[in-house]
Amino acid sequence: MRRVCVLAAVVLAASHEAHAYEFWLRAQTIGQAYQLREYRLFGPDLFLGRHLITQTLALRIDDIGDLSAGRRRSRLPDTGLRISWQSYLRVDHDFGDWSSGQVTLPGPIRRDALDAIPELQEWVAQLDLMYGYLQLDGLADDRATIQVGRILADDGWGTTAYDGASARYRIDEVPIAITANAGLRVRAASPLGVASYELDGTSGAGCQEYVEGPTPGSGHWQLIDRNRSITNTRLTSDFEYCPQRDVDQPTVGITLATARTRHFSAELGYRRTWSDTVGLIGPVDRLNFPDKGLYPNDFGQAPATGVNEERLWGRAQGELRAGALRVEPYADARFSILNAVLDRADAGVRVHDGDHVIEPRVEYFFPTFDGDSIFNAFSIEPTTDARLAYSYTPAGPWRGTADAWIRRYAHEDDTTSFAGGFDAGVDRMFGANWRGHLDALWDDGYGGRRIGGSADAAWRAQQDLWLRGRVIVLGVREDSTSSLATRYVTSSAVTSATFQLSDGVGLHAIAETDYDAVHDLQLRVIGVLDLAFYPEQ
Amino acid sequence: MKRALLLIVMLFAAGAFAGDSVVYPLQRLPLIFSHAKHLARGTTCAACHAAAATSQSAVDNLIPTEAACRACHAIDRADPAKAATPVTACVGCHPGWRADVPVERVFLVPPPLKFPHDQHKQACESCHAVRQVDLATTAQLPSMESCFACHKGGMEERHCGDCHLTKMGGLVETSFDQGNFVPATHGPRFAKDHKEEARAPGSTCNACHDRSECVQCHQGTVKPMDFHQGNYLLVHATDARRGTPDCSACHRYETFCVGCHERSGLGTRGETQFRSDRTDLRFHPVGWSSRGAGPNLHAQEARRNITSCASCHREEDCLTCHSAEPGGVRASPHPAGWRGSSRCKALDRDNRRMCLRCHIAQDELGCDWHH
Numbered sequence: 001m002r003r004v005c006v007l008a009a010v011v012l013a014a015s016h017e018a019h020a021y022e023f024w025l026r027a028q029t030i031g032q033a034y035q036l037r038e039y040r041l042f043g044p045d046l047f048l049g050r051h052l053i054t055q056t057l058a059l060r061i062d063d064i065g066d067l068s069a070g071r072r073r074s075r076l077p078d079t080g081l082r083i084s085w086q087s088y089l090r091v092d093h094d095f096g097d098w099s100s101g102q103v104t105l106p107g108p109i110r111r112d113a114l115d116a117i118p119e120l121q122e123w124v125a126q127l128d129l130m131y132g133y134l135q136l137d138g139l140a141d142d143r144a145t146i147q148v149g150r151i152l153a154d155d156g157w158g159t160t161a162y163d164g165a166s167a168r169y170r171i172d173e174v175p176i177a178i179t180a181n182a183g184l185r186v187r188a189a190s191p192l193g194v195a196s197y198e199l200d201g202t203s204g205a206g207c208q209e210y211v212e213g214p215t216p217g218s219g220h221w222q223l224i225d226r227n228r229s230i231t232n233t234r235l236t237s238d239f240e241y242c243p244q245r246d247v248d249q250p251t252v253g254i255t256l257a258t259a260r261t262r263h264f265s266a267e268l269g270y271r272r273t274w275s276d277t278v279g280l281i282g283p284v285d286r287l288n289f290p291d292k293g294l295y296p297n298d299f300g301q302a303p304a305t306g307v308n309e310e311r312l313w314g315r316a317q318g319e320l321r322a323g324a325l326r327v328e329p330y331a332d333a334r335f336s337i338l339n340a341v342l343d344r345a346d347a348g349v350r351v352h353d354g355d356h357v358i359e360p361r362v363e364y365f366f367p368t369f370d371g372d373s374i375f376n377a378f379s380i381e382p383t384t385d386a387r388l389a390y391s392y393t394p395a396g397p398w399r400g401t402a403d404a405w406i407r408r409y410a411h412e413d414d415t416t417s418f419a420g421g422f423d424a425g426v427d428r429m430f431g432a433n434w435r436g437h438l439d440a441l442w443d444d445g446y447g448g449r450r451i452g453g454s455a456d457a458a459w460r461a462q463q464d465l466w467l468r469g470r471v472i473v474l475g476v477r478e479d480s481t482s483s484l485a486t487r488y489v490t491s492s493a494v495t496s497a498t499f500q501l502s503d504g505v506g507l508h509a510i511a512e513t514d515y516d517a518v519h520d521l522q523l524r525v526i527g528v529l530d531l532a533f534y535p536e537q
Numbered sequence: 538m539k540r541a542l543l544l545i546v547m548l549f550a551a552g553a554f555a556g557d558s559v560v561y562p563l564q565r566l567p568l569i570f571s572h573a574k575h576l577a578r579g580t581t582c583a584a585c586h587a588a589a590a591t592s593q594s595a596v597d598n599l600i601p602t603e604a605a606c607r608a609c610h611a612i613d614r615a616d617p618a619k620a621a622t623p624v625t626a627c628v629g630c631h632p633g634w635r636a637d638v639p640v641e642r643v644f645l646v647p648p649p650l651k652f653p654h655d656q657h658k659q660a661c662e663s664c665h666a667v668r669q670v671d672l673a674t675t676a677q678l679p680s681m682e683s684c685f686a687c688h689k690g691g692m693e694e695r696h697c698g699d700c701h702l703t704k705m706g707g708l709v710e711t712s713f714d715q716g717n718f719v720p721a722t723h724g725p726r727f728a729k730d731h732k733e734e735a736r737a738p739g740s741t742c743n744a745c746h747d748r749s750e751c752v753q754c755h756q757g758t759v760k761p762m763d764f765h766q767g768n769y770l771l772v773h774a775t776d777a778r779r780g781t782p783d784c785s786a787c788h789r790y791e792t793f794c795v796g797c798h799e800r801s802g803l804g805t806r807g808e809t810q811f812r813s814d815r816t817d818l819r820f821h822p823v824g825w826s827s828r829g830a831g832p833n834l835h836a837q838e839a840r841r842n843i844t845s846c847a848s849c850h851r852e853e854d855c856l857t858c859h860s861a862e863p864g865g866v867r868a869s870p871h872p873a874g875w876r877g878s879s880r881c882k883a884l885d886r887d888n889r890r891m892c893l894r895c896h897i898a899q900d901e902l903g904c905d906w907h908h
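For the protein sequence lines, the chains are A and B, in the order given.
Each residue of the first sequence is one higher than the one before, starting from 1 at the first, in our numbering.
Each residue of the second sequence is one higher than the one before, starting from 538 at the first, in our numbering.
Just so you know, these hints were derived from the structure itself, not from any lab.
Since the model is a prediction, treat every value here as computed from it, not as a measurement.
Check the hints yourself; a few may be wrong.
List time: in silico DMTMM-like cross-link candidates among lysine to aspartate or glutamate, alpha-carbon distance up to 25 Å [unchecked claim]: (1) B/LYS658 with A/ASP142; (2) B/LYS729 with A/ASP142; (3) B/LYS760 with B/ASP776; (4) B/LYS729 with A/GLU363; (5) B/LYS882 with A/GLU381; (6) B/LYS729 with A/ASP403; (7) B/LYS760 with A/ASP423; (8) B/LYS729 with B/ASP763; (9) B/LYS704 with A/ASP464; (10) B/LYS760 with A/ASP92; (11) B/LYS729 with A/ASP503; (12) B/LYS732 with A/ASP355; (13) B/LYS882 with A/ASP414; (14) B/LYS689 with A/ASP414; (15) B/LYS732 with A/ASP439; (16) B/LYS704 with A/ASP66; (17) B/LYS760 with A/ASP427; (18) B/LYS732 with A/ASP423; (19) B/LYS732 with A/GLU310; (20) B/LYS732 with A/ASP413; (21) B/LYS760 with A/ASP516; (22) B/LYS574 with B/ASP671; (23) B/LYS704 with A/ASP142; (24) B/LYS651 with B/GLU693; (25) B/LYS729 with A/ASP423; (26) B/LYS658 with A/ASP141; (27) B/LYS882 with A/ASP92; (28) B/LYS760 with A/ASP439; (29) B/LYS704 with A/ASP503; (30) B/LYS732 with A/GLU363; (31) B/LYS651 with A/ASP66; (32) B/LYS729 with A/ASP353; (33) B/LYS651 with A/ASP141; (34) B/LYS760 with A/GLU478; (35) B/LYS729 with B/ASP783; (36) B/LYS732 with A/ASP414; (37) B/LYS760 with A/ASP45; (38) B/LYS732 with A/ASP503.
Start from the sequences and build out the full structure, keeping to the hints where you can.
Below, the structure is given as structure tokens:
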């Protein structure tokens, strides 16, 4: 009794006024079942099952502490402090043989597929925090915003994330906003990490170190620490060991961008990511012969740190109007300081004339990678694209699009090669419940030739039932870099149904069948249970 | 695929890309009325729209009733054809009026906006340009552009909800009985190519779209069928070799691509029947990778699009031949003029770890060494 009284007193003392925070929740359960091939030169291909279950949870909590509720009730602009939370969590696992099965290696040795191919980890027992951050708006007289947590970052050519903080301050007099951020770049090795956020070019497997031989210069590269003991686990790769991929990658960035401007916007940004060299990865002479235990080499020439990414980018967009004509020019460029090259650029103009939009654009691309990757030294030939896009979107039932492009590959020996293509589509609404769509595609040049098209129909059969079907036929002739078949016709049919079970609950079912001379018939089934919870407004 | 599913629902429900008619729904105004003439006579706005001064919501009906007209017009319902100046006959304001037919009513759908007239003290005509028109229609309602003349903060994502209705969690409500609120920029190509809109400084995508919508497609676990059409597993090689579209916008080559290729038996470390030591069992054709003399076809492919190599090979595969390790093949991948180039110097200065993957000897490090 006494304990109960004490507990009640504690609860009463700890009680606060209840706050009806606004929150938005979206959960999706996705099940996929299909088979993929393991290609065999002798005998039929082996079919490996993929039985994927994915559970996602997106959460927004708005106005924590009801700080702006009073302003909303008074119908005043939402200035002043407002605290919110946004996050997206994903649980993902493949129960099928594809990721969770075993492989037979020469020997023969049976091993978990994950042990032989650590890259499969992306589909095995993954708990990923895609982003999750607390945001404080309206600080410093509504000029400053702060984010803390796992924050998404985008330089215009790809999204990454870092665990840290970001602060934005708007200087109205200029008008420019300055944003500074710092943190640890999200890697596969980060807590709840995501491999796809990592810089590309380095592998999580097969990492090698140089081990010196009996005389200087007579050593060789070998997998790191072959003598370490291995514990068999089913959900992680037992043999993957690449210490440089596990170290933290501090990241800092700063951007200057126009703020609250109409018809013109521009941004200048900088980001640098670096990491410490692993150095000593084990005791001296941990191997069967003399070594110093240093990674990546046994001489200790590696610097204490190395830059993984250092980029500077700028972009500008404008809008001009002349009667019904609206012209939107834009230009973007990114410079890799690490590689001392312009690695991305594009410029174009989008011209709107009533229902017609035409957009010529040029693009430039020079592949660059994580500073630890030797692909940086191999990548030496840029590409340049010219593209022309057109769309017609009247208020009536018809809509149409067309795109043409050509890519030029500039070779080291001053020769060039090209690839190009064209595609077009028309879309028509038939009454309130039917829609039809036709697409045609042709491309040729480097890489191969493809020609074909698709027909698509969608029907709202009932108030709570949507059906869709699509048929695709494509003739392909690949440029041959392999001994696999390179000339074939493939056809594919996709059907989907979406049924609204109740308010905020939807069930999607998708089936795809493919037929081609290489693979015969294939079937793929996907089910999505979409749960979205909307508290009463 | 999740994005595709959303699109299915969107395309059915949307019908048209008409943001304006959603914010200001179509009206029916079966009236004869001239704002131009009334204002020219000196009639004030408040004389007819008195309720506007105290209105706190966009759902308030501020259209004057007959009672307001009676202040000047001597309307006599007992004498519907009464001739007078100003006009008093019913047919003078209600076109086609007949005694035996009910008068057609004004039909207005309130705009899905938050708007308190009572907190806007500006002259009415600064937002409603009615001086030159007869009937005021949706064309005389203020555009968002005109709001920004004062509300500069409205250009920022956070403040979209100051005027637009929001759902729980702060996202702008986009679905209404009169249609979906979709910006004109969201044309038929938008799902495939929205790069410029998304990366524009100050873009307001996340006012309506939760960031999870971006992530579930760009870092998703399901093939988006609207983007990667049927049987893409078979035909993707053409796109990947060309390098367009840019696979790296969504996929990391050295995990996503390598993992799949290895498991398909097309790699070197998984279960594979391709063997590089037998010409009849090689994945790549004869002459692909020739030590010494030979066509060495892979060199041009690697230079043209190293990312297609990276979709199967790890760096260590390249080191087999390209390492400068003593006793190795020492096949240099560097182009002419590499040594001394600004690129070599930048890479060596910023991350020598990469150089050390191939160059072990002290005298080979840096960008000014000679054989």
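#### Entry: Violated hints - listed by number, lowest first
Per hint list: 2, 11, 14, 20, 27, 36, 38 violated.
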